[in-house]
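Respectively, the protein sequence lines represent chains W and X. Under our numbering, the first residue of the first sequence carries the number 1, and numbering increases by one thereafter. Under our numbering, the first residue of the second sequence carries the number 338, and numbering increases by one thereafter.
Think of the hints as simulated: they come from the structure by calculation, not from any bench. Watch out, some of these pointers could steer you wrong.
Mimicking BS3-like on lysine-lysine, the simulated pairs with C-alpha atoms at most 30 Å apart in a straight line are [claimed, not checked]: (1) W:Lys214 - W:Lys314; (2) X:Lys425 - W:Lys146; (3) W:Lys146 - W:Lys57; (4) W:Lys212 - W:Lys146; (5) W:Lys57 - W:Lys124; (6) X:Lys507 - X:Lys425; (7) W:Lys170 - X:Lys410; (8) W:Lys170 - X:Lys613; (9) W:Lys170 - W:Lys44; (10) W:Lys124 - X:Lys425; (11) W:Lys282 - W:Lys303; (12) X:Lys613 - W:Lys124; (13) X:Lys613 - X:Lys410; (14) X:Lys460 - W:Lys44; (15) W:Lys170 - W:Lys195; (16) W:Lys212 - W:Lys303; (17) X:Lys410 - X:Lys425; (18) W:Lys170 - W:Lys191.
Now the in silico label distances, taken between C-beta atoms and shown as ranges [what the hints assert, rightly or not]: (19) W:Glu23 - X:Val441: 29 to 35 Å; (20) X:Glu508 - W:Phe200: 52 to 58 Å; (21) X:Glu499 - W:Asn68: 50 to 56 Å; (22) X:Lys507 - W:Pro235: 20 to 26 Å.
The beta-carbon is built from N, C-alpha and C at its ideal position, and this holds for glycine as well.
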Amino acid sequence: MLSIFLLLLSCNKEDHIEMLPFENPEMHLDIPAGFPSLNTSFAKNRPTKYGVELGEKLFNEKKFSGNNTVSCASCHNPSMAFSDNQAQAIGVYDRVGLRNTPPLQNLAFMQFYNWDGNILQLEKQALVPIITHEEMNSSILEVISKLETDHQYRELFRRTFGDDDITPDKIYQSLAQYQYTLISADSKYDKVKRKQGETFTEREARGLGLFKIKCASCHSTELFTDQSFRNVGFPLNPSIEEAGRARVTGAEEDFMSFRVPSLRNAEYTAPYGSFGQFATLKAVLDYFDEGVLEAQNLDPILKQNENRIPLSEKEKDDIIGFIKTLSDSSFVGLYQK
Amino acid sequence: MQRNSGKLYTGICSKSEQNSVANNITLHFNNTFKDVPIVLGDATSATANTSAEGQVHHFSELKYVVSNIRLIKAEGGEIPYNINDLDKGAAVVDQSKPQTLDYVLSNIPAGEYKQIKFGLGVKTELNTLDEARFPVFYASAGANDTEMHWEWGTGYRFTKIEGFYDTDNKELSIHTGSTVEGTNGDPDSYTQGVDAYRDIILTLPNNAMVGRTAPRITINADFDKLLSGKTNTITLGDDNATPSAHTAVNMLLFVDNLGGDGSSDISGMFSVSAVKN
Numbered sequence: 001m002l003s004i005f006l007l008l009l010s011c012n013k014e015d016h017i018e019m020l021p022f023e024n025p026e027m028h029l030d031i032p033a034g035f036p037s038l039n040t041s042f043a044k045n046r047p048t049k050y051g052v053e054l055g056e057k058l059f060n061e062k063k064f065s066g067n068n069t070v071s072c073a074s075c076h077n078p079s080m081a082f083s084d085n086q087a088q089a090i091g092v093y094d095r096v097g098l099r100n101t102p103p104l105q106n107l108a109f110m111q112f113y114n115w116d117g118n119i120l121q122l123e124k125q126a127l128v129p130i131i132t133h134e135e136m137n138s139s140i141l142e143v144i145s146k147l148e149t150d151h152q153y154r155e156l157f158r159r160t161f162g163d164d165d166i167t168p169d170k171i172y173q174s175l176a177q178y179q180y181t182l183i184s185a186d187s188k189y190d191k192v193k194r195k196q197g198e199t200f201t202e203r204e205a206r207g208l209g210l211f212k213i214k215c216a217s218c219h220s221t222e223l224f225t226d227q228s229f230r231n232v233g234f235p236l237n238p239s240i241e242e243a244g245r246a247r248v249t250g251a252e253e254d255f256m257s258f259r260v261p262s263l264r265n266a267e268y269t270a271p272y273g274s275f276g277q278f279a280t281l282k283a284v285l286d287y288f289d290e291g292v293l294e295a296q297n298l299d300p301i302l303k304q305n306e307n308r309i310p311l312s313e314k315e316k317d318d319i320i321g322f323i324k325t326l327s328d329s330s331f332v333g334l335y336q337k
Numbered sequence: 338m339q340r341n342s343g344k345l346y347t348g349i350c351s352k353s354e355q356n357s358v359a360n361n362i363t364l365h366f367n368n369t370f371k372d373v374p375i376v377l378g379d380a381t382s383a384t385a386n387t388s389a390e391g392q393v394h395h396f397s398e399l400k401y402v403v404s405n406i407r408l409i410k411a412e413g414g415e416i417p418y419n420i421n422d423l424d425k426g427a428a429v430v431d432q433s434k435p436q437t438l439d440y441v442l443s444n445i446p447a448g449e450y451k452q453i454k455f456g457l458g459v460k461t462e463l464n465t466l467d468e469a470r471f472p473v474f475y476a477s478a479g480a481n482d483t484e485m486h487w488e489w490g491t492g493y494r495f496t497k498i499e500g501f502y503d504t505d506n507k508e509l510s511i512h513t514g515s516t517v518e519g520t521n522g523d524p525d526s527y528t529q530g531v532d533a534y535r536d537i538i539l540t541l542p543n544n545a546m547v548g549r550t551a552p553r554i555t556i557n558a559d560f561d562k563l564l565s566g567k568t569n570t571i572t573l574g575d576d577n578a579t580p581s582a583h584t585a586v587n588m589l590l591f592v593d594n595l596g597g598d599g600s601s602d603i604s605g606m607f608s609v610s611a612v613k614n
């Protein structure tokens, strides 16, 4: 009797699944030629049609913050390559965070997230801002309880995952799926490289030449970062919470080391430095030219060059000219002039 | 002869009762400097301690997480106590809250126990700030007056010690927690970070008898070891007394002093001072 009952149950369950089919096709993404390899998490959470739609809606959802004032997009503003123009991130009640908001671009190709690389899978990042006092100051169950009352969300979760239960993992996965689609590879540099009819100006070409000599040891690959962590002797964040990469690794040689930033869309992501020490690209280059702070673990390349990258005013201007060819106006939603 | 067998009978009877009845064990945490119970406070009211290097220091705040509790039977065999359930098997010991100094292990099988094992901190596989899975522990650790969430590391703080050092009362702020991804020492899974979880093994001075009695085990945590430990002798200064400096290198020195180095020292600052049956 019992086994018949169980059999019926399992039949019912299968019927139930068949009655609620869901179709959520994988999204096609163009992987730019020459980009570094994908983070292995990407293969386990490939962007899907509804996952990306849901992720984008969640990304702009202020209910993620305790007082419903701050969404992911509040700091990661699309028009600034998903960064902001603050030195340090501003969260709920104008609380000031520890560091500069990192731009979000080409994340599928990154092996480390955040300036100290503490997160290795994008799916694991979303919780951090949700719970951090200076950011959204909420909790994942609080967020879920707010989303659950919204039928639109329930429907989107059902379309994405097959049922309308809202769980932490589904939120993390859909947010990551959306962010994986934020690929920027349509700058003037890319078009020149792909021979799509654009050419560098003389200034840009000189800048590229200088860039290869003065910058490309660290700002290498098609992402213009080698994704390493380096102490480049920038002015130090006075917060007692800051130790750079060392707070992750516990290693002395990582003290005040930060991930080399991608220079794609750098034009849109001022101010610069781990806590926004520099207002402009020119200020960064001036600082390197004048000489950086001494440190035991200062990057060897700087040590070998008397703690500086000597640059003339003209050279700085040329390099900035080249860096601006990495600006992808379609990515930041500007009209092509 | 009759009296003897009567006695024997009583003995058998009580033994069979012990075998059939589960009972509680209370873990009482006694936080001290050497033998002196710690009183938290400001620079004038708190218990002062002098380290091996002659450095005066005292605490305004003292918290640590205990989890992964296991009891070892006298005849061998391990009784795990909700080791994979932080809601039922983990606690924040907070010196400012007397009720947190007693942690009751409920429904422990009757029998004699010779040893206790527990973790200082949370083992890596559970250290994810998973509110949906462990809402009770998440809430208690994250309370505004507790602050044992390590948000940026999406894990728990394992210890949080605030206070003052030297005669001019400079700020002391020592936080420990794990950042490890994968398993430390396993090249197949380890990618980065440090594991600040420490397994503590303490042999009881006399067996804890669970059955008709509900034993109380007094676990001493001697915070003198923070600076004057079995593994490291530490002098506080600009390079290690606050998180920015100690996360870099020195956090693990504190961790090894408090929780042992996991090899030659498996008790750290902890010892069992009494078992009352």
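Comparing the hints with the structure gives:
1. Proximity of Lys214 of chain W to Lys314 of chain W is assessed by CA-CA distance (about 14 Å); at most 30 Å being required, the pair is judged to hold.
2. Between Lys425 of chain X and Lys146 of chain W the alpha-carbon distance is near 27 Å, which keeps this suggested pair within the 30 Å criterion.
3. Taken as a hint, the Lys146 of chain W and Lys57 of chain W pair is honoured in the structure, with Cα atoms around 14 Å apart against an allowance of 30 Å.
4. Straight-line distance between C-alpha atoms of Lys212 of chain W and Lys146 of chain W comes to about 50 Å, which puts the hinted pair past the 30 Å bound.
5. Note on Lys57 of chain W and Lys124 of chain W: the hinted pairing holds, with a Cα-Cα distance of about 19 Å set against a maximum of 30 Å.
6. A threshold of 30 Å between alpha carbons decides the hint, and for Lys507 of chain X with Lys425 of chain X the separation of about 38 Å lies outside it, so the pair is violated.
7. Distance check on the hinted pair: Lys170 of chain W and Lys410 of chain X sit about 43 Å apart at the alpha-carbon level, beyond 30 Å; violated.
8. Taking the CA atoms of Lys170 of chain W and Lys613 of chain X, the gap is near 49 Å; set against the 30 Å cutoff, the hint is violated.
9. A distance of roughly 13 Å separates the Cα atoms of Lys170 of chain W and Lys44 of chain W; the hinted pair therefore holds under the 30 Å criterion.
10. At most 30 Å may separate the alpha-carbon atoms for a hinted pair to count; Lys124 of chain W and Lys425 of chain X meet this at roughly 25 Å.
11. In summary, the hint linking Lys282 of chain W to Lys303 of chain W is supported, as the alpha carbons are separated by about 22 Å, within the 30 Å threshold.
12. A hinted pair counts as satisfied when its Cα atoms are at most 30 Å apart, and Lys613 of chain X with Lys124 of chain W does not qualify at roughly 45 Å.
13. Between Lys613 of chain X and Lys410 of chain X the alpha-carbon distance is near 16 Å, which keeps this suggested pair within the 30 Å criterion.
14. With a CA separation close to 25 Å, the supplied pair Lys460 of chain X and Lys44 of chain W stays within the 30 Å bound.
15. Only pairs whose Cα atoms come within 30 Å are accepted, and Lys170 of chain W paired with Lys195 of chain W is rejected, the gap being roughly 41 Å.
16. For the suggested pair Lys212 of chain W and Lys303 of chain W, the alpha carbons sit about 19 Å apart, so the restraint of at most 30 Å is met.
17. As the CA atoms of Lys410 of chain X and Lys425 of chain X are separated by approximately 21 Å, the hinted pair is consistent with the 30 Å bound.
18. With a C-alpha separation of about 37 Å, the suggested pairing of Lys170 of chain W with Lys191 of chain W is violated against the 30 Å cut-off.
19. For the hinted restraint 29 to 35 Å between Glu23 of chain W and Val441 of chain X, the CB-CB distance of approximately 52 Å leaves it violated.
20. The given range of 52 to 58 Å is respected by Glu508 of chain X and Phe200 of chain W, whose C-beta atoms sit roughly 54 Å from each other.
21. At roughly 32 Å, the beta carbons of Glu499 of chain X and Asn68 of chain W sit outside the given window of 50 to 56 Å.
22. Checked against the hint of 20 to 26 Å, the pair Lys507 of chain X and Pro235 of chain W passes, with Cβ atoms roughly 24 Å apart.
Checked against the numbered hints listed earlier, the structure breaks hints 4, 6, 7, 8, 12, 15, 18, 19, 21; every other hint is satisfied.
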